[in-house]
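With the hints as constraints, model all of the structure from the sequences given.
Number of protein chains: 2
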Amino acid sequence: MSAAAWGEALAAVGGTAGSSTTVVSICVFTAVLCLCLVAGHLLEENKWVNESITALIIGCLIGAIIFLLTKGKQSHILRFDEQLFFIYVLPPIIFNAGFQVKKKQFFHNFMTIMSFGVFGVFISVAIVSAGCYWLFPKVGFGELDASDYLALGAIFSSTDTVCTLQVINQDETPRLYSLVFGEGVVNDATAVVLFNAIKNLNISQLKGGVVLKVISDFLYLFATSTILGISIGLSTAYILKALYLGRHSTDREVALMALMAYLSYMLAELLDLSGILTVFFCGIVMSHYAWHNVTANSRITTKHIFATLSFIAETFIFLYVGMDALDIDKWKTSKASFKTSISIFGIIILFVLLGRAAFVFPISILSNNMSGSSERTPITFKHQVVIWWAGLMRGAVSIALAYNQVFGFLTRPLITAMLPRHSRALSRGHSTGSNSPKDDFTMPFFSTDEDASGSGIVLEQAKRSISMLLERPVHTVHIYWRKFDDKFMRPIFGGPQSH
Amino acid sequence: MSAAAWGEALAAVGGTAGSSTTVVSICVFTAVLCLCLVAGHLLEENKWVNESITALIIGCLIGAIIFLLTKGKQSHILRFDEQLFFIYVLPPIIFNAGFQVKKKQFFHNFMTIMSFGVFGVFISVAIVSAGCYWLFPKVGFGELDASDYLALGAIFSSTDTVCTLQVINQDETPRLYSLVFGEGVVNDATAVVLFNAIKNLNISQLKGGVVLKVISDFLYLFATSTILGISIGLSTAYILKALYLGRHSTDREVALMALMAYLSYMLAELLDLSGILTVFFCGIVMSHYAWHNVTANSRITTKHIFATLSFIAETFIFLYVGMDALDIDKWKTSKASFKTSISIFGIIILFVLLGRAAFVFPISILSNNMSGSSERTPITFKHQVVIWWAGLMRGAVSIALAYNQVFGFLTRPLITAMLPRHSRALSRGHSTGSNSPKDDFTMPFFSTDEDASGSGIVLEQAKRSISMLLERPVHTVHIYWRKFDDKFMRPIFGGPQSH
Chain A
335 MSAAAWGEAL AAVGGTAGSS TTVVSICVFT AVLCLCLVAG HLLEENKWVN
385 ESITALIIGC LIGAIIFLLT KGKQSHILRF DEQLFFIYVL PPIIFNAGFQ
435 VKKKQFFHNF MTIMSFGVFG VFISVAIVSA GCYWLFPKVG FGELDASDYL
485 ALGAIFSSTD TVCTLQVINQ DETPRLYSLV FGEGVVNDAT AVVLFNAIKN
535 LNISQLKGGV VLKVISDFLY LFATSTILGI SIGLSTAYIL KALYLGRHST
585 DREVALMALM AYLSYMLAEL LDLSGILTVF FCGIVMSHYA WHNVTANSRI
635 TTKHIFATLS FIAETFIFLY VGMDALDIDK WKTSKASFKT SISIFGIIIL
685 FVLLGRAAFV FPISILSNNM SGSSERTPIT FKHQVVIWWA GLMRGAVSIA
735 LAYNQVFGFL TRPLITAMLP RHSRALSRGH STGSNSPKDD FTMPFFSTDE
785 DASGSGIVLE QAKRSISMLL ERPVHTVHIY WRKFDDKFMR PIFGGPQSH
Chain B
335 MSAAAWGEAL AAVGGTAGSS TTVVSICVFT AVLCLCLVAG HLLEENKWVN
385 ESITALIIGC LIGAIIFLLT KGKQSHILRF DEQLFFIYVL PPIIFNAGFQ
435 VKKKQFFHNF MTIMSFGVFG VFISVAIVSA GCYWLFPKVG FGELDASDYL
485 ALGAIFSSTD TVCTLQVINQ DETPRLYSLV FGEGVVNDAT AVVLFNAIKN
535 LNISQLKGGV VLKVISDFLY LFATSTILGI SIGLSTAYIL KALYLGRHST
585 DREVALMALM AYLSYMLAEL LDLSGILTVF FCGIVMSHYA WHNVTANSRI
635 TTKHIFATLS FIAETFIFLY VGMDALDIDK WKTSKASFKT SISIFGIIIL
685 FVLLGRAAFV FPISILSNNM SGSSERTPIT FKHQVVIWWA GLMRGAVSIA
735 LAYNQVFGFL TRPLITAMLP RHSRALSRGH STGSNSPKDD FTMPFFSTDE
785 DASGSGIVLE QAKRSISMLL ERPVHTVHIY WRKFDDKFMR PIFGGPQSH
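Here the protein sequences line up with chains A and B, keeping their order.
Sequential numbering of the first sequence, starting at 335, is according to this note's numbering.
Sequential numbering of the second sequence, starting at 335, is according to this note's numbering.
A couple of the hints might just be wrong.
What the hints assert, rightly or not - Straight-line C-alpha distance at most 30 Å; calculated DSS-like pairs for lysine-lysine: (1) A:547 - A:436; (2) A:637 - B:575; (3) B:637 - A:436; (4) A:637 - B:436; (5) A:438 - A:821; (6) B:637 - A:637.
As the list claims (entries may be wrong) - Heads up, incomplete: computed chain B residues facing chain A, CB under 7 Å, no partners named: (7) 357; (8) 360; (9) 368; (10) 369; (11) 375; (12) 582; (13) 584; (14) 585; (15) 588; (16) 589; (17) 593; (18) 604; (19) 642; (20) 646.
Keep in mind the hints are simulated off the structure, nothing from the lab.
Given the structure is predicted, the values throughout are model-derived calculations rather than measurements.
Glycine included, each C-beta is placed from N, C-alpha and C at the ideal position.
Below, the structure is given as structure tokens:
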């Protein structure tokens, strides 16, 4: 037994936490997170600044301080790690979104969300890629090959869920929220499929079959991810209902829900599915069944535990992005001149705006016409503009990623110039854009004529059902779902008793 | 931009969580934790098996399965890392212990706890080190030098807090719990000081001053760690009270409490103090002040959030230790023969038992005599035996550490042979050993004669106070503390209104 080994053992047993740089980083990050919390609270009533912007600004300041203290050697204390981000920070945010989402709103807009999230992305990728392919060489930036342009289109065509959560309020504009947020969630599956397709793409042998292949891949991935999330959510509900863990310990219930939710995300990642979709649907199922099978204290605890985790994770991201803005290495590795950077920045913004416009307005109008006047209030033009504009926010996730890997020189101006202004524009946009925040909820979910038909001519009923399905498809599906839910699902998996 | 860089970026943006081995490990660990939870629930009414033993056994089984699947190459999936343990797993356990500890019990027994935790450890180190120094060469294991023997004594003289929490029930035997657990917490500071002292010790120049230096170091460390913990706890209480964060968001309150608690631990580690002591006192202060300044929902949430985190962390440790028991490398690196291992194991057990006996019984008797008959019920002989025996449990923490670094060949038999039996012996021990679980609470905390003296002769009162202080010191200190608390502390830092 060497003296060195003893020394290590002593240090470890004695409680000294090993590498001191990690300890310093964690200390600074924790302290700054506390600062952001308090600052966010104090600025709550301020219309111009929200929590994410506070975190960004504080991050910038901390970055500047570190930059000065280390005499320009570095500006951030914790190296950003995609693994850290995708394994620990993202899952609680998305799970909480699923857990707290207004399920009726989400499923009533399901077809529109799917159209935005699937066809919209394809349209946008095509426009952004083609636009960049056409204009990049003209500003002297032509070193990319075809698959690079497609990847560029894909990165800038998938919207982000994290930023949406920060700037659009679910209670004030539930429909807008579910549309923009839902698009972001569905996008993730599309992005996984598109990226895999582009990676394996051989441009020289491009055939018409590729598009079909991509669409069938997407449908497969979407279905499997959703089924996995729903299965794990239902298993949790069943375990909680059958065993009644709360009998002995409330903590066991809370721990099981949190661990199973996390398991759903990690299992999806392990199987190369979309973790975001899986954990989102797991959250929806858990809030619909599992949450009703636990004790009252567990209900309060889980509601807040997930919200708090999500809140800390979001603040962490914005803080990090702020801190990263000054990173000197990024500036150095960018070979392009300032003029070229600005041109490229302008080109991308232009085509992302065009690409989004090319699908947001047509799909919204189509959705308004399809659903009929009785079904629900249409997507107003103001809302369409917000959806179009909101998709521009690449959000902290994409920015943080793009930063470290692809083109820091493009996204830096994006943050500093766009993100705060966007958030503000949106904050005002959605408070003026929606005159009646509750107007999406005016339709009763059970039509009275359905229940009133006591006389039992089966054929007549079937006929009416079919005509209803044709006239008001989403509403009818919802009614049948509720019947199925009450009769088969709730007795097995639990749920609110009085309905 | 190389194709490889694109590929990486695509994988990262697309949501693939990087290194797949980490994902596999996390998946297996999360799934097995869920399994342990459910198994623990099902075995709750079983007297012979508790949650920690279930986790140990499941860990062993998983280890065996991995061992077979990898054809004997490895038995554990996640390499144990002291940093992971001390940075992420230990803080929630100790904070929760401080948060949930019965403060009155703890401070009423404060002098006894300090005696156990400080003088007891010194006595025990001396006996264990001397005993090993005397007997180790006689069984053919003489390759250690003097500081190794002292370190050996120190490792086996500090009891462990985690295991205590699992086997002694605070509600059933509050006094026993606070004595054994308190000893473990104070121990940590003693251990840090002792280990540092031994590391810097020059055996050849041993002087009498060393002991004094160690004691003064301990007092300094104890005081600074405690003050740090209390300061952070009070700051949190003050922020929560002054700003009333719950006005806008419950989640912000919960996040602030959790982050500040974690900050206290990390700050202590950064300053080379005892993180365990700091976070423990931070927990006590937060439960006394900060907890009363938050909304009702936050109160329920924080209570369960910390308990759940602590619960998951504990299960994780036992699971890991079980999984590690089969680790083939440990067996190979142990050079000593089986006979020598058994002899050394026997010698250490013998001297640890002797060392503990040498301070537990004298200090208990002294404490019983000092406090006087009116103060509180004495520490019964049965309780003394439990305290003596409980200290033997080196617990998951020391075992996990000792495993990976110092002498795996000694601690392996310790787990398999002792830990389950101990737990069981103790479970039975404390349910038979304390005939009246509530007997420690029979004394009223406010003596009625104190309140009854309305006639105001100041001198008489002062006299009585002094005589009271002499007769019933702890009780009197408690009364003055309550007065001080009500008058100065609670108005600033908050606390329960009706008292």
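Pairwise hint evaluation, residue 575 of chain B against residue 637 of chain A, where the allowed Cα distance is 30 Å at most: Within the cut-off at roughly 23 Å; holds.
Distance restraint between residue 637 of chain A and residue 436 of chain B, which requires alpha-carbon spacing of 30 Å or less: Judged against 30 Å, a Cα distance of about 28 Å means the pair holds.
Chain A contact restraint for residue 593 of chain B - C-beta distance below 7 Å: holds, 5 Å
Holds or violated: residue 438 of chain A to residue 821 of chain A, with C-alpha atoms at most 30 Å apart: holds, 19 Å
Hint status (Cβ of residue 584 of chain B to nearest Cβ of chain A, threshold 7 Å): It holds, given that the least Cβ distance between residue 584 of chain B and chain A is near 6 Å, below 7 Å.
Per-residue hint verdict: residue 604 of chain B, partner chain A, C-beta under 7 Å: Because about 5 Å separates residue 604 of chain B from the closest Cβ in chain A, which is inside the 7 Å limit, the hint holds.
When the least beta-carbon distance from residue 357 of chain B to chain A is tested against 7 Å, hint result: holds, 5 Å
Status of the residue 582 of chain B interface restraint (C-beta, 7 Å, chain A): holds, 5 Å
Interface hint outcome for residue 589 of chain B [beta carbon to chain A under 7 Å]: holds, 5 Å
Hinted pair residue 547 of chain A and residue 436 of chain A, Cα distance within 30 Å: With a Cα-Cα distance of about 33 Å, the restraint between residue 547 of chain A and residue 436 of chain A is violated, given a limit of 30 Å.
Proposed interface contact between residue 585 of chain B and chain A, which counts if any beta carbon pair is under 7 Å: holds, 4 Å
30 Å Cα cutoff - pair residue 637 of chain B, residue 436 of chain A: holds, 28 Å
Against the hints set out earlier in the document, violations occur for numbers 1 and 10.
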